[in-house]
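Trainee: Each chain, letter by letter, is given below.
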Amino acid sequence: MPTKPTTGAPTKITQGSQTKGGIGESTLRPDGTLKVTGEFAYSSDMWHEDMLWGQILRSTVAHAEIVSIDTVEALKTPGVYAVMTYDDLPTEVKNYGLEIQDTPVLAHGKVRHHGEPVAIVAADHPETARRAAAKIKVEYRELPVITDEASATAPDAILIHEGRDDHHIGHVPHPNIVHRQPIIRGDVEEAAKKADFVVKGEYTFGMQDQAFLGPESGLAVPGEDGGVDLYIATQWLHSDLKQIAPVLGLPEDKVRMTLSGVGGAFGGREDLSMQIHACLLALRTGKPVKIVYNRFESFFGHVHRHPAKLYYEHGATKDGKLTHLKARIVLDGGAYASASPAVVGNASSLGAGPYVVDNVDIEAIALYTNNPPCGAMRGFGAVQACFAYEAQMDKLADKVGMDRVAFRQLNAMEQGTIMPTGQAVDSPAPVAELLRRVKAMPMPPEQQWLAAGEAADVRQLPGGLSNTTHGEGVVRGVGYAVGIKNVGFSEGFDDYSTARVRMEVVGGEPVATVHTAMAEVGQGGVTVHAQIARTELGVTQVTINPADTQVGSAGSTSASRQTYVTGGAVKNSCELVREKVLELGRRKFGSYHPAWATAELLLEGGKVVTDGGEVLADLVDVLEGEAVEIEAEWRHRPTEAFDLRTGQGFGHVQYTFAAHRAVVEVDTELGLVKVIELACAQDVGKALNPLSVIGQIQGGTTQGLGVAVMEEIIVDPKTAKVRNPSFTDYLIPTILDTPTIPVDVLELADDHAPYGLRGIGEAPTLSSTPAVLAAIRNATGLELNRTPVRPEHLTGTA
Amino acid sequence: MDFLRPASWEEALAAKAEHPTAVPIAGGTDVMVEINFDHRRPEYLLDLNRIGDLEEWEVGEDSVRLGASVPYTRIMENLRGELPGLALASHTVASPQIRNRGGVGGNLGTASPAGDAHPALLAAGAEVEVESVRGSRRIPIDAFYTGVKRNALAADELIRAVHIKKADGPQQYSKVGTRNAMVIAVCAFGLALHPETRTVRTGIGSAAPTPVRAKAAEEFLDAALEEGGFWDNGKIITPSVAKQFADLCSAACNPIDDVRGTASYRRHAVGIMARRTLTWTWESYRGTAARTEGVA
Amino acid sequence: MRVNFTVNGRKQEADDVWEGESLLYVLRERMGLPGSKNACEQGECGSCTVRLDGVPVCSCLVAAGQVEGREVVTVEGLADFAKQRAEHGGCASGACGTSLQDAQQWAAKGQDSQTGEGTELAPIQQAFIDAGAVQCGFCTPGLLVAADEMLEHNPNPTDADIREALSGNLCRCTGYEKIMDAVRLAAARQGEAV
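Protein chains in written order, with the numbering used here: chain A, 78 to 875; chain B, 30 to 325; chain C, 26 to 219.
If we strip away everything but chain A, and leave its shape as in the complex, we get (with noise of 0.2 Å):
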């Protein structure tokens, strides 16, 4: 696929018109229309009858027991129907989690963190609400915070949990360690003294934000069975189900929940939000309940990027190649557990990114501490560690005196390498050849800013509109940065996605329907899902039903997976729904012809055709008074877990790979940054939806750019408070601040996997920061050992 040239000339959108829409074509959303009509019905956007606002109190301090809590006044209240708290819920099952059901519903006894729902509201208007709320009398008295690792660990802190009896409590060293993984390989001692040259690093990795538009709501409309239906906004309905069915007492069939019109997730939906709040509100009431969470909560209201400090020591020989590699990763998993041990397996697993080391010792952990909780977002525990280790080979390829990329490359992983987890890379790893792809593009031209004349135009530099600089202290810099990431769940999880496909004839045309329960997030998963159909089954019609729980689960909606894992179950159901179609054919037209027998048959344009081309039957003559209707699970080859002592096992389905070239000009005198260009490579595998592939590059780019430069949740070390939980104060990227991006999209087949594809979300998040902040150190000569930059650092007023 070409790149994108940064002139201003219109990209041409390919549209086909020759083949019908199926795999490999930019075809364009099914939910597209709707969306730019502002008809899209986005959970916020849930409306009902008589319906109530649900208000959640939260707390204002990070770690206390509860003395008291006293509702009397809110529920005098006009307006206001009902008033909950740890008390009213109404079964024994009061927490929820991801793997760990740490989380309460509803604070009991003490809270952990700033923000931890204490008590819930509904009322006729959400001002009454909000009144009502601000009326709960909490009494607290307030706990020590335990805030890193040095407080989390010392011999009398405070357990954040007491009790544990989860299944990572065996193996980790304080009770307030979620869980640790080390990753063994060869002998670091040994190897270390054939090093001619080392580098230790130490690095941090601030609080990031998933920062999605759509805040978090829903509405749960009571039914008259006394159960409930949910319309919510969520990466993965069945987990929410699984979580949420118990803590109310019903079975899973009386949930009954449906996806609402999602406004973007990056792993801030995989944990539950207001659901439960919404559910428990409306049952209590006999009501419909609706609850929006304004930016300020949402800030509370989901777990975030977990913030790590990151111990980097690497050799080499001197003709550059790693010797070993020792790496020590703490995660910050605040006061729940989410799924910081995930995050661990990805750090250590792949904490020494992708680069052939033969001797490993890596160590990570994720803590419990009483700062926010912290969770999936795009690229987890592999984003950290690919800050760190980017930084290193730079170092790195200094010492040894070789130009940073080369030294990379002769370092790069390839198809057959052994992880440091032992496992065997078995599909391309062209490592060194995305690098070489992204360093052939060509440089954006200097001083753009009086490309229109005398002038300076600001817009163009560093500071903007602020009009802080006409040329100035700016210095361009340049750097590289490359990335691995596992795509799909590991470490032996049963990774599955079910798929309902239904082929029948509507309108005198044959109609595919394919239902599943995949969250569209804005990924462009239900576009793929309609190209497969039409790719597998010949079917220019096809129907995207709405996701919800009357169809078996589809896994979440992160870890790069859903094309991968749903998309092959969306494959495999089609390909079931062609063999019954085929044999409904055979048994009403086989006796016209041989091929039906004998050939290899097809579905194509509406008809069964042989693989010579040959048409023996229309679609719709087969299905006529008929539907073949098949739902059924999908899985990929399965995982095993790591090995706790050593971390060796085959644990990753799939690894996927991009690199990145950064072009800044920092004001260095005032510490200010533009990106000029943040130029892109990456295997894609097979590109099902070029469009959508480029989208997700540039999208994915663009977050690792804002946590480069802005973007950090601000925690006081002092009370664990929250310092900046608004659009304010917590800054992602405008499209000022955004470069271009142009996209070099390599396609190497995974024979593993559907069509040869590789997942794509998140590779791109990983090298995108350590790329800025090496082209940051090359402007500036600064080491920077820490992201987000801010101008301080650049300035030495930190």
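Keep in mind that the hints were calculated from the coordinates and are not lab data. Model, not experiment: these values are computed from the prediction. It is possible that some hints are incorrect.
[Said to hold, decoys possible] For lysine to any residue, the following SDA-like pairs were computed, each having C-alpha atoms within a straight-line distance of at most 25 Å:
{"id": "1", "chain 1": "A", "residue 1": "Lys214", "chain 2": "B", "residue 2": "His68"}
{"id": "2", "chain 1": "B", "residue 1": "Lys272", "chain 2": "A", "residue 2": "Glu549"}
{"id": "3", "chain 1": "B", "residue 1": "Lys272", "chain 2": "A", "residue 2": "Trp124"}
{"id": "4", "chain 1": "A", "residue 1": "Lys212", "chain 2": "B", "residue 2": "Arg70"}
{"id": "5", "chain 1": "A", "residue 1": "Lys212", "chain 2": "C", "residue 2": "Glu44"}
{"id": "6", "chain 1": "A", "residue 1": "Lys212", "chain 2": "B", "residue 2": "Thr50"}
{"id": "7", "chain 1": "A", "residue 1": "Lys364", "chain 2": "C", "residue 2": "Asp41"}
{"id": "8", "chain 1": "A", "residue 1": "Lys153", "chain 2": "B", "residue 2": "Arg70"}
{"id": "9", "chain 1": "A", "residue 1": "Lys212", "chain 2": "B", "residue 2": "Tyr73"}
{"id": "10", "chain 1": "B", "residue 1": "Lys264", "chain 2": "A", "residue 2": "Gly550"}
{"id": "11", "chain 1": "A", "residue 1": "Lys795", "chain 2": "B", "residue 2": "Ser293"}
{"id": "12", "chain 1": "B", "residue 1": "Lys264", "chain 2": "A", "residue 2": "Glu549"}
{"id": "13", "chain 1": "A", "residue 1": "Lys364", "chain 2": "C", "residue 2": "Arg55"}
{"id": "14", "chain 1": "C", "residue 1": "Lys36", "chain 2": "A", "residue 2": "Trp124"}
{"id": "15", "chain 1": "B", "residue 1": "Lys272", "chain 2": "A", "residue 2": "Thr874"}
{"id": "16", "chain 1": "A", "residue 1": "Lys212", "chain 2": "B", "residue 2": "Lys272"}
{"id": "17", "chain 1": "C", "residue 1": "Lys36", "chain 2": "B", "residue 2": "Arg79"}
{"id": "18", "chain 1": "B", "residue 1": "Lys178", "chain 2": "A", "residue 2": "Asp806"}
{"id": "19", "chain 1": "B", "residue 1": "Lys272", "chain 2": "A", "residue 2": "Ala533"}
{"id": "20", "chain 1": "C", "residue 1": "Lys36", "chain 2": "A", "residue 2": "Glu126"}
{"id": "21", "chain 1": "A", "residue 1": "Lys386", "chain 2": "B", "residue 2": "Arg79"}
{"id": "22", "chain 1": "B", "residue 1": "Lys272", "chain 2": "A", "residue 2": "Ala875"}
{"id": "23", "chain 1": "A", "residue 1": "Lys364", "chain 2": "C", "residue 2": "Asp40"}
{"id": "24", "chain 1": "A", "residue 1": "Lys212", "chain 2": "B", "residue 2": "Pro71"}
{"id": "25", "chain 1": "A", "residue 1": "Lys153", "chain 2": "C", "residue 2": "Asp41"}
{"id": "26", "chain 1": "B", "residue 1": "Lys272", "chain 2": "A", "residue 2": "His547"}
{"id": "27", "chain 1": "A", "residue 1": "Lys795", "chain 2": "B", "residue 2": "Val288"}
On the provided structure of chain A, position chains B and C as indicated by the hints.
Mentor: Chains B and C alone, transformed into the frame defined by chain A:
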């Protein structure tokens, strides 16, 4: 909460006199955020949108009378010649949507040290026209800011207009934020050369409890320019003069550490902006001066 | 309190409005027009952008009571607004010369479509779909209103012009590149059409 909708300025003054706690709302860009985020529940909202007079401006002999609600977009588009510093400052305000609604009256009413207009008003020289049923008065801009988010308004007064001196020389404005658009000032700096009086005025935002002028820096520069005959000879300002001016501007700051930036960075950045804006304005003045000489 | 105003060419009346409600809330929860989005409610994201008497504003920062007697165009009315503008040779808003009476003669269509197929779109809407500028779509309505207004005044924008005009609209999915493509595409098509 009550929503008061005066149809005229007189009605607005009467309403404010009757309900001194009423919060005036015009562009809504401060007030509505506080309401949406539950930070404020005023007893009365006093809507000023229906008073068309507030969105008008008049260019006079020496000054511009700028209605309190003239949107920043209009200032950028229409008053670049008369009020170049304020026009530049207006361009740094938030986003196009906000610039379409917000005006200088809101900045003055809120009196946040981070308000973008303040440094430009301080540097240009301005008077705030305020009025109540008791009468009208003009408050010099130097006396307007009285504390963090506090101003010299009495409880029954409303801001009607700002009288800003028309530029008699180059003006510049610069603001540091950690994003290239739509950002609140970490700190900001305004500078105006006043060749007619042979003086220089400054304004600093977000680097002290209130917007302030760097008076010692101004006095130093006024003297240095006079002494060196710079106003007449149009020479390049010597680096040592520029540096001392910048240092004095930094010294005029009394900043805090907060989530947007450290005190130390703010002092540093104000110094850089002072030096740069001095260079830009002086180069512009020299250009003008040279041309003037050429014509003469 | 009661508020009367015109939305997408239709006169509307809202009753029992709480005085602290925003225009955004009234549109979404009282008028059945949830197209304008509630992403930050502090004027930092542009998702709620509407045109108020022709001018793009954040509807979250307009108090409901302030729109009394005024005209609002939301994303739901954008297609008709653009059509009207095309028919009147340039601009549909009062600010560009269309009389109030003219502006009131058009009204947004009813929403009877489930799939949106066959819906008539404004050029900028079609360009967003064609260029792949829509992912989750939450920022899209605000961007469309802002971009459409920019093209009305500046039919041949440079890249820097587009970036400046859209700098008040955050998008978290796309990295903005496809949005740039969409606006360039709409501008190019607009140029061809003339």
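Trainee: A separate judgement is required for each hint: does it hold in the structure or not?
Mentor: Here's how the hints hold up against the structure:
Taking the CA atoms of Lys214(A) and His68(B), the gap is near 18 Å; set against the 25 Å cutoff, the hint holds. Between the alpha carbons of Lys272(B) and Glu549(A) the distance comes to roughly 15 Å, so the proposed pair stays at or under 25 Å and holds. Distance restraint check for Lys272(B) and Trp124(A): the Cα-Cα separation of roughly 62 Å exceeds the 25 Å cut-off, and the hinted pair is therefore not satisfied. Distance hint between Lys212(A) and Arg70(B) is fulfilled; the C-alpha atoms sit about 15 Å from each other, no more than 25 Å.
Simply put, Lys212(A) and Glu44(C) have alpha-carbon atoms about 21 Å apart, close enough for the 25 Å limit, and the pair holds. Distance restraint check for Lys212(A) and Thr50(B): the Cα-Cα separation of roughly 23 Å lies within the 25 Å cut-off, and the hinted pair is therefore satisfied. Proposed proximity of Lys364(A) and Asp41(C) is supported: the alpha carbons are some 21 Å apart, at most 25 Å. Our distance criterion of 25 Å between C-alpha atoms is met by Lys153(A) and Arg70(B), whose separation comes to about 20 Å.
For a cut-off of 25 Å, the pair hint linking Lys212(A) to Tyr73(B) stands: about 22 Å separates their Cα positions. Under the criterion of a C-alpha separation no larger than 25 Å, the hint pairing Lys264(B) with Gly550(A) is consistent with the structure, at around 23 Å. A hinted pair counts as satisfied when its Cα atoms are at most 25 Å apart, and Lys795(A) with Ser293(B) qualifies at roughly 21 Å. About 20 Å separates the Cα atoms of Lys264(B) and Glu549(A), which keeps this hinted pair within 25 Å; it holds.
Only pairs whose Cα atoms come within 25 Å are accepted, and Lys364(A) paired with Arg55(C) is accepted, the gap being roughly 19 Å. Among the hinted pairs, Lys36(C) with Trp124(A) is consistent with the structure: their alpha-carbon atoms are about 22 Å apart, no more than 25 Å. The hinted pair formed by Lys272(B) and Thr874(A) meets the criterion: a straight-line CA distance of about 18 Å does not exceed 25 Å. Using a Cα cut-off of 25 Å, the hinted pair Lys212(A) and Lys272(B) is violated, with the two alpha carbons roughly 56 Å apart.
For a cut-off of 25 Å, the pair hint linking Lys36(C) to Arg79(B) stands: about 19 Å separates their Cα positions. Annotation: proposed proximity of Lys178(B) to Asp806(A) holds, straight-line Cα distance about 18 Å (limit 25 Å). For the hint pairing Lys272(B) with Ala533(A), the CA-to-CA distance comes to about 23 Å; that is within 25 Å, so the pair holds. The hinted pair formed by Lys36(C) and Glu126(A) meets the criterion: a straight-line CA distance of about 23 Å does not exceed 25 Å.
Using a Cα cut-off of 25 Å, the hinted pair Lys386(A) and Arg79(B) is violated, with the two alpha carbons roughly 56 Å apart. For the proposed pair Lys272(B) and Ala875(A), the alpha carbon gap of about 22 Å is at most 25 Å, so the pair holds. Under the criterion of a C-alpha separation no larger than 25 Å, the hint pairing Lys364(A) with Asp40(C) is consistent with the structure, at around 23 Å. Among the hinted pairs, Lys212(A) with Pro71(B) is consistent with the structure: their alpha-carbon atoms are about 18 Å apart, no more than 25 Å.
At most 25 Å may separate the alpha-carbon atoms for a hinted pair to count; Lys153(A) and Asp41(C) meet this at roughly 22 Å. For the proposed pair Lys272(B) and His547(A), the alpha carbon gap of about 18 Å is at most 25 Å, so the pair holds. The hinted pair formed by Lys795(A) and Val288(B) meets the criterion: a straight-line CA distance of about 15 Å does not exceed 25 Å.
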